[in-house]
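Chains as they are written, first to last, in our numbering: chain A, 1 to 279; chain B, 280 to 459.
Hints are computed from structural coordinates only; laboratory data are not their basis. One or more of the hints may lead you astray.
Facing chain A, a subset of chain B residues (Cβ under 8 Å, in silico) [stated by the list, open to error]:
no. : residue
1   : L305
2   : A340
3   : V341
4   : V353
5   : L363
6   : I444
7   : R447
8   : F448
Quick caveat, the model's predicted, so the values are computed rather than measured. Beta carbons: idealized from backbone N, C-alpha and C, even for Gly.
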Amino acid sequence: MLRFFKSKFFIIVLIVSLILVIVPSILSIMGLSDYVRNALGVVVSPFVKVFDAVSDSIHGFTDYFTEFDRLREENEDLKSRISKMEDEIYNARLLKAENEWLYSYLGLRRTHSDFVLEEANVTSRQAVNYLTSFTLDKGSISGIEKNMPVITSEGIVGYVCEVGATWCKVSTIIETSVSVGAYVERSGAIGVVEGEFSLRDKWRCRLKYIDTEADIEEGDRILSSGLGEIYPRGLPIGTVEKIELDPAARTKTAVICPAADPDSLDKVMIIKDHVMSGE
Amino acid sequence: MKFFLDNDKLIKGLSYGGLSFFFVLLQITLIPRYPIFGVCPDIVLSCVLSIAMYEGARFGAVSGIVIGFVIDAVGSYGLSLSPLFYMIFGYITGLCSDYLFKRGWLSFSMSSAVAYFFRGFLTLINISAAWKQYSTGYVFLHILAPEVLFSFLFSFPVFFFFSLIAHRFHKSTDVDRPDI
Chain A
1 MLRFFKSKFF IIVLIVSLIL VIVPSILSIM GLSDYVRNAL GVVVSPFVKV
51 FDAVSDSIHG FTDYFTEFDR LREENEDLKS RISKMEDEIY NARLLKAENE
101 WLYSYLGLRR THSDFVLEEA NVTSRQAVNY LTSFTLDKGS ISGIEKNMPV
151 ITSEGIVGYV CEVGATWCKV STIIETSVSV GAYVERSGAI GVVEGEFSLR
201 DKWRCRLKYI DTEADIEEGD RILSSGLGEI YPRGLPIGTV EKIELDPAAR
251 TKTAVICPAA DPDSLDKVMI IKDHVMSGE
Chain B
280 MKFFLDNDKL IKGLSYGGLS FFFVLLQITL IPRYPIFGVC PDIVLSCVLS
330 IAMYEGARFG AVSGIVIGFV IDAVGSYGLS LSPLFYMIFG YITGLCSDYL
380 FKRGWLSFSM SSAVAYFFRG FLTLINISAA WKQYSTGYVF LHILAPEVLF
430 SFLFSFPVFF FFSLIAHRFH KSTDVDRPDI
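If we strip away everything but chain A, and leave its shape as in the complex, we get (with noise of 0.2 Å):
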């Protein structure tokens, strides 16, 4: 066996492979070594990259099954988490529109802090051309009673005429029934409200009984004047956009377009409490 191992062809490949060992490594101690790898680079390098790239595809390709499970995990997280986050901007709309209605009506609060509210939702509306009277979602059993005031942040919207448990009817400040005694906010001078036919449909109301002395501009502002038993003193009812004289009577009276805006009524205060003037 050992003539093998003296053969003439083992001793120069044993020499060669020797030659090549420490060749190498004497070039490498005296850092000379990098000629031969950069030689060999330069001519693997572009077989390297190709297989660097085909590594790079297994890669991708083994990362869509590794990965698959953890992805599917994140994604089913993240779906959840957009979920819960588009419930909380929700209520966060919610919450701000109702901040900005309540706060609306903070003025009035402090003008009135005799008020006892009762926050309501228009449910439904007279289904004709023109609004005067409209449906609540609150009734009987949170404390509503008839002929409570209904307003807005803008001013008077009507009074409850029909109360059911949970839903009551309310007649507007048009309607033709509706009377409110009323003043001119600048002078004082004095007047009763009321609904007419002509006006219902472009969702006005007439100042009447205005003395043909009074000083009465339009644009002035009128409010209630707390005569009656309805509406407490101070809420404002409108604008005067037109004066006119009633011969028949010898008195004025003033087209007044309501402060309350039909188109924007959704939700509204039922004065449940207030302290009337003379109490």
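Using the hints, position chain B against chain A.
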């Protein structure tokens, strides 16, 4: 006839060289990227063993020198003992297949088991010298054992590819015994 024989040898040499080069590239690109249990199996040594198994001691020794030199030059941080080591195992495996064993899977598995055992032994010495903070037991369990095991297992597919070439060029894989 001589022309065909030379041409045949040339094609055979190119085929072995090409396949070895392919496995060298695999060894330096793909395998380090996907280590198995933290170690990279050595499939290049099995190229040398496969060539030696089918082509004999001379071819095995020369391919060991060349492949060992190339893998050291392109695949490691510095030139090391691979040409000598691969040459010796190429030569011994070639001798064994020429004179002791019948060429085939069984003899290859024995050759590769011995070769990888010694390769592991050399690695153990190198690692123990370089990383004194690790115990020999730790190195054996976490580096050597998986390296030797997976190198051994991966050597069979390599041998399979070389056997395809060998069968293409030999009518019988058990060729005439050479006279060294």
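Right, here's what the structure says about each hint:
no.	hint	in the structure
1	L305	7 Å, holds
2	A340	5 Å, holds
3	V341	7 Å, holds
4	V353	5 Å, holds
5	L363	4 Å, holds
6	I444	19 Å, violated
7	R447	23 Å, violated
8	F448	22 Å, violated
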